[in-house]
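K.L.:
Model the full structure from these sequences, guided by the hints.
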Amino acid sequence: MRRSRGLTAALVLSLAGAGTGIGLVLMPEASAITPPVAFTADELPTWQPNGIVFAMAQANGTVFAGGTFSAVRPPDGTSGAEQEAVNFVALDAATGKPTSCKLAFTIGDGSATVRALAVSKDKKTLYAGGYFGAVNGTPVSSVAAIDIESCTPKAAFHPGFPATVRDLAVTDDTLYAAGDFGTVEGQTRERFAAVDAGSGALKPFVANADEPGRAVEVTPDGKNVLLGGDFFSVNGSNTHALAVVNATTGAVAKTYSNIPSNSVVKDIATDSTGFYTGNEGSGGGVFDGRIGLKLSDFSEKWRDRCLGATQAVLPYDGVLYSSSHAHDCSLEGQFPDGKRNFLNAQLTNYEGAAPAPVDGFVRSPRKLGWHPTANDGLGEGIGPRAMTIAEKSDVKYMWVGGEFTAINGKPQQALTRFASTGDVGAPTTPVASAGSVKPGEAQVRWRTSYDADDSKLTYRIYRNGSASPIATVAAESLEWERPQASWNDTTVKAGQSYTYRVTATDAAGNTSALSATASVTVPSSVQSYPNQVRADGANLYWRYDDTVSPYVADSSESGNTSGIQLNAPALRQTPGAISGASTAMGFNGTSQQVYSDHRQTVDSAFSVETWFKTNTTRGGKLIGFGNNTTRNSGTYDKQIYMTNTGRLVFGVYSGSTRTVSTGLFDTYNDNKWHHVVGTQGPGGMELIVDGQSKGTLNVTGSISYEGFWHVGGDNLASWPTKPTSNFFAGQIDETAVYPKALTAAQAKNHYDLAKAPSDTVSKVSATEDTYINQGAPSAANGATTSLAVRGTSAYETYLRFNLPAAPAGQVLKSAALQIKTSTQANAGTADKVSVVPVTGTWSGASTTFNNKPTLGTTALGSFATVPDGSAVQSTPLDTAALSSVLGSSYSLALTSTGTDPLWIWSMESTAADAAPQLVLTFGPK
1 MRRSRGLTAA LVLSLAGAGT GIGLVLMPEA SAITPPVAFT ADELPTWQPN GIVFAMAQAN
61 GTVFAGGTFS AVRPPDGTSG AEQEAVNFVA LDAATGKPTS CKLAFTIGDG SATVRALAVS
121 KDKKTLYAGG YFGAVNGTPV SSVAAIDIES CTPKAAFHPG FPATVRDLAV TDDTLYAAGD
181 FGTVEGQTRE RFAAVDAGSG ALKPFVANAD EPGRAVEVTP DGKNVLLGGD FFSVNGSNTH
241 ALAVVNATTG AVAKTYSNIP SNSVVKDIAT DSTGFYTGNE GSGGGVFDGR IGLKLSDFSE
301 KWRDRCLGAT QAVLPYDGVL YSSSHAHDCS LEGQFPDGKR NFLNAQLTNY EGAAPAPVDG
361 FVRSPRKLGW HPTANDGLGE GIGPRAMTIA EKSDVKYMWV GGEFTAINGK PQQALTRFAS
421 TGDVGAPTTP VASAGSVKPG EAQVRWRTSY DADDSKLTYR IYRNGSASPI ATVAAESLEW
481 ERPQASWNDT TVKAGQSYTY RVTATDAAGN TSALSATASV TVPSSVQSYP NQVRADGANL
541 YWRYDDTVSP YVADSSESGN TSGIQLNAPA LRQTPGAISG ASTAMGFNGT SQQVYSDHRQ
601 TVDSAFSVET WFKTNTTRGG KLIGFGNNTT RNSGTYDKQI YMTNTGRLVF GVYSGSTRTV
661 STGLFDTYND NKWHHVVGTQ GPGGMELIVD GQSKGTLNVT GSISYEGFWH VGGDNLASWP
721 TKPTSNFFAG QIDETAVYPK ALTAAQAKNH YDLAKAPSDT VSKVSATEDT YINQGAPSAA
781 NGATTSLAVR GTSAYETYLR FNLPAAPAGQ VLKSAALQIK TSTQANAGTA DKVSVVPVTG
841 TWSGASTTFN NKPTLGTTAL GSFATVPDGS AVQSTPLDTA ALSSVLGSSY SLALTSTGTD
901 PLWIWSMEST AADAAPQLVL TFGPK
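Sequential numbering from 1 applies to the sequence shown in the numbering used here.
Where hints are given, some of them may not hold.
[Said to hold, decoys possible] In silico DSS-like links for lysine-lysine, alpha-carbon gap of 30 Å or less: (1) Lys301 x Lys254; (2) Lys755 x Lys438; (3) Lys672 x Lys925; (4) Lys925 x Lys748; (5) Lys124 x Lys223; (6) Lys223 x Lys97; (7) Lys294 x Lys254; (8) Lys102 x Lys123.
[Claimed, not checked] Distance ranges between label pairs, derived from CB positions: (9) Ile107 x Thr171: 46 to 52 Å; (10) Ser693 x Pro924: 38 to 44 Å; (11) Thr858 x Asn567: 53 to 59 Å; (12) Ser261 x Gly663: 26 to 32 Å; (13) Pro355 x Ala717: 54 to 60 Å; (14) Thr897 x Ala779: 18 to 24 Å; (15) Val548 x Thr865: 30 to 36 Å.
Hints were generated in silico from the structure; no laboratory data involved. A quick note: this is a predicted structure, and the numbers were derived from the prediction, not measured. From the three backbone atoms N, C-alpha and C, an ideal C-beta is built for every residue, glycine too.
P.N.:
Structure representation (C-alpha cells):
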C-alpha cells in the first residue's frame, strides 16, 4: 500500500529556455535538478539492518522500517555500535540514525516478520502487519497499533489475524488488510478484511479472494478500495490480480482480465488523478511492470511492460518512482535486455496526447533521469522492495528499503535515502571528436554524459586550450541512452589546426573533467568522398577516425547517431578505404562490433553502405539492424553479411527472409578494399558492389521494429548461407546509412570518389627556438620554456623548422603557424605580431640581443592581436614563399613594434600543445 503523496516540492524546479533538442544549435543552460525529478541520486549515510526491509512508513520526520532482521548498525566507515532491532526500527528522516523508539515484533513459534506499515491520517498511530504474536511483549495477532508519541503498542487493539498480513491501508475510521488469512476474529474473511481503526473490531466489509492478497489501497475519495494480489476471483467474480470494491461492503465495482495469469500485483498507490500498480510474474509472457489507471472509471491509461519484478510504486509530484530490477524495456522502446535498473522514475501522465496503442496497450510515459544503483542482495535477490517519502526541516527524503547490500556501488544494506537537495555527483566526462570535410567548418561532436539525477546537461566547448568556452550546448541523456550531441564551428580557417575539449555540467553546477583533446585540421578544399556522402543525405556516417574508446563519431550533417564499441575493436587502422588520412576499424571476428547509441525504427526505404577488407573464411555480418545491443538480437534484418566463401548477401525480413547475393564465384575475401551498398525502396532491393549492380529483387518492404544498427557482428541465425561466424574478421571503413534508396549512379559515384585526390596534412614542430632580450643583451635563452615578443624594449622570437618536401603529385595548398600563449598573467598582446623570415644565422645556445640575426623585410603573416589566457593561436602564412623552401631547414621570427609583450610556450615546455608548429596542407596540382 502507498498512500497518496501530497507533499509540496522543496525546490522550485525550472529550466531556462524552451529548447529540448540534442545540441545542434546553441541552447540555454539547464537549471535546477531536471524537473520533475525531485530527489538527487546521491545516497546519504543511513543506519542499516542486518536483514531485509519489507515495509516502510513515515510520520513527523520519523521513518519506520519493518522486515526480517535483528539489529541495525551504523553506515560503513562511521563510528557507533550495533543496536538491537527486532524486525522494526524507527529512524530520524534527516540524519538516518535510530530514534529512541524501540519495538520488538516477536512470535513464540517460527520466525516473526513485519510486512506492512501504515500511519493514521492524524499521524498519531502506526499500524503494523505481518506475522508476529507480540510487540514488546504485548500480545497481538499479526496486526498491531502503536501510539507514535509514546512508542507503545495499544493493548486494546488486537484483532485476530491467524496468518500473514502483507499490506495495510487506513482511513479515518477503518483499517484494511490484505494477506494470506482465511478468517479474522473467527469469521470468514478470505485474504482481505477491514477492522475498526480505533477498537480493532471486525467490520462487515467482505471481499473474499481465492488466492493471497498482496496490496490494498483506498481511493482518495474514500468510496472504493483497490485490491491487488494473486487471486483469480473476488466475491465470486472473475478478476485476476486487480479489483476495485466498495469501501463499505466490499462489493465488486470493477474487474480486470488483462493481466497475464502468471503475474500478480505486488503494490498499489494513488495520487489525485490515478492509481498505479507494481506487478511481478514468472515464466513466458510475464508482465513485470507497472500500470497507470484512471480514478474516474478505473480504466487503464497506460502500461509499462518493462521486465523486472516491480515491488513498489510511489507517485510524487507528477512522477512515479518505482522499485524493481527492470532489465528489459524493449517493449517500451527503451533499454534492451541487459543490466538491472533497480530504481526508476517516470511521468505519471503524458505531457500531451497519449500515443496510439502498441500490441493493444498504450506505452508508459517517458522515463526520467533518476538512476541510483542497487544490487540483488539477499533473500529472493529482488533488490529494493519498499519506498516512502519523509520531510524534516523543509527537506524531503526518499527512503528505500529492501534486500540490497549495495547502493551506488558502495556497501549499504536494506535501507538507504536520497534528499531533495545537495546534489554532489558530477556527470561522466564527455568523449569528444572533431572532423572537417570542407573549408570554413569543423564539426565538434561528443557522446553525451550520464548523470544519475539530471537528464539535461549543459556542455561547454573549449577551443585551442582557452579557459573560456566558445560555445554552450544543452542536451538530454539517460543512463541507457546517451546520443551524440554536436556543434559546428563556422569560424575556422582553411589550412589551420584546432583543438577542442568539452565539459558537462549538471543543474547543481557539478562539472565533469575536461574531455580528452579532439584535434582537426580544416582542409583547404572540399574532401570529395565524405562531402558527397553527407550531401546524399546520410543520417548515420561512421568514419572510424576516433582516437578513444568506446565512441564512434557520426559525421553526418544532422543524424547524431554515434556508435558504441563493444569489446575494443582496433582503432585507426591504416591505410583506410579512401584516399587521404582517414582510418579504418579492425574487428577480430569473435566478439567485437559497434552498435548505434539509441533505439530507432527504419522506414521502408533505406540504404546501407560500407567499405571492408578481409581474408576471412568464416564470414560474418558487416552491417545490420537488430533489437539488442550487447547481446544477440532476437529480431534482425536490413543487413549485409559475408558467407564463408566470401560472397555477399543483402537481406530483409518481410514475413520470410528475402535476399540478394553475389554470384557463386563472385567473392570478396581477397584482402582488398571493397565497397558494398544495399538499398530498398519503391523499386525493390538492390545489391551494389564496387560500383556494379549484383542483383535486384522486387521486395519493397520489411518488418518494422525498434532497434539499433550493428557493424561487425550480430545474430545471423536462420538466414540463407549463414556463415560460421556472426562476427566479421577484418577491417571496416566509411559506414553510412540513408533514409532513402540510393541510386546505382550514386553508389557508383561514391566508389569512384574514394580514389579522388585528397589533402595531405603535415604538422611540423619547431626543432629549435629561442628569444632575445634587449634588457639582458648578452643572455642566450634557448633553454627556456617560454618565448617573448615585444617592440620596446625589444624581445624577438626565432623558430627553426625542418620543412618536408611536397608529396609526389601534390603542391602546398596552405600553411599556418600555430603558437600557444603561456599561463603567465597578461600573456597576450594588444599589439600586432609579425611573422618574418630569418635571413641570418642563429642558434638557441648562443644567440643573444648583441648578436641577433638579420631578418627579412617582407612579412609572411601576422597576428593582429593575441588575447590573454593560455590558448592556441594560429595565423596563415604566405604559401608561395614557403613553397620555395620546402625540403629545407627554415627559420621564422616573431616581431613587434609595440610595447605590450606576448609570451608563448617554447618547444621545451611540457604544457599540452605547447611547441610552436607549422601546419602544411598539400593537395593535388
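K.L.:
All hints are to be evaluated individually against the structure, with a verdict given for each.
P.N.:
Quick rundown of the hints versus the structure:
Using a Cα cut-off of 30 Å, the hinted pair lysine 301 and lysine 254 holds, with the two alpha carbons roughly 15 Å apart. Note on lysine 755 and lysine 438: the hinted pairing holds, with a Cα-Cα distance of about 17 Å set against a maximum of 30 Å. Distance restraint check for lysine 672 and lysine 925: the Cα-Cα separation of roughly 28 Å lies within the 30 Å cut-off, and the hinted pair is therefore satisfied. Between lysine 925 and lysine 748 the alpha-carbon distance is near 25 Å, which keeps this suggested pair within the 30 Å criterion.
Between the alpha carbons of lysine 124 and lysine 223 the distance comes to roughly 23 Å, so the proposed pair stays at or under 30 Å and holds. The straight-line distance between the Cα atoms of lysine 223 and lysine 97 is roughly 38 Å, outside the 30 Å bound, and the hint therefore fails. The straight-line distance between the Cα atoms of lysine 294 and lysine 254 is roughly 12 Å, inside the 30 Å bound, and the hint therefore holds. The straight-line distance between the Cα atoms of lysine 102 and lysine 123 is roughly 18 Å, inside the 30 Å bound, and the hint therefore holds.
Taking the beta carbon of each, isoleucine 107 and threonine 171 are about 28 Å apart, not inside 46 to 52 Å as hinted. For serine 693 and proline 924, the Cβ-Cβ distance of about 30 Å falls outside the hinted range of 38 to 44 Å, so the restraint is violated. A C-beta distance of roughly 57 Å is found between threonine 858 and asparagine 567, which places it inside the suggested range of 53 to 59 Å. Range check, serine 261 to glycine 663: Cβ separation about 53 Å, and the 26 to 32 Å hint is violated.
Restraint check, proline 355 to alanine 717: a C-beta distance of roughly 32 Å breaks the suggested window 54 to 60 Å. A beta carbon spacing of about 22 Å between threonine 897 and alanine 779 agrees with the range 18 to 24 Å that was offered as a hint. Our hint of 30 to 36 Å for valine 548 and threonine 865 holds, since their Cβ atoms are close to 34 Å apart.
Hints 6, 9, 10, 12, 13 from the list above are not met by this structure, while the remaining hints are.
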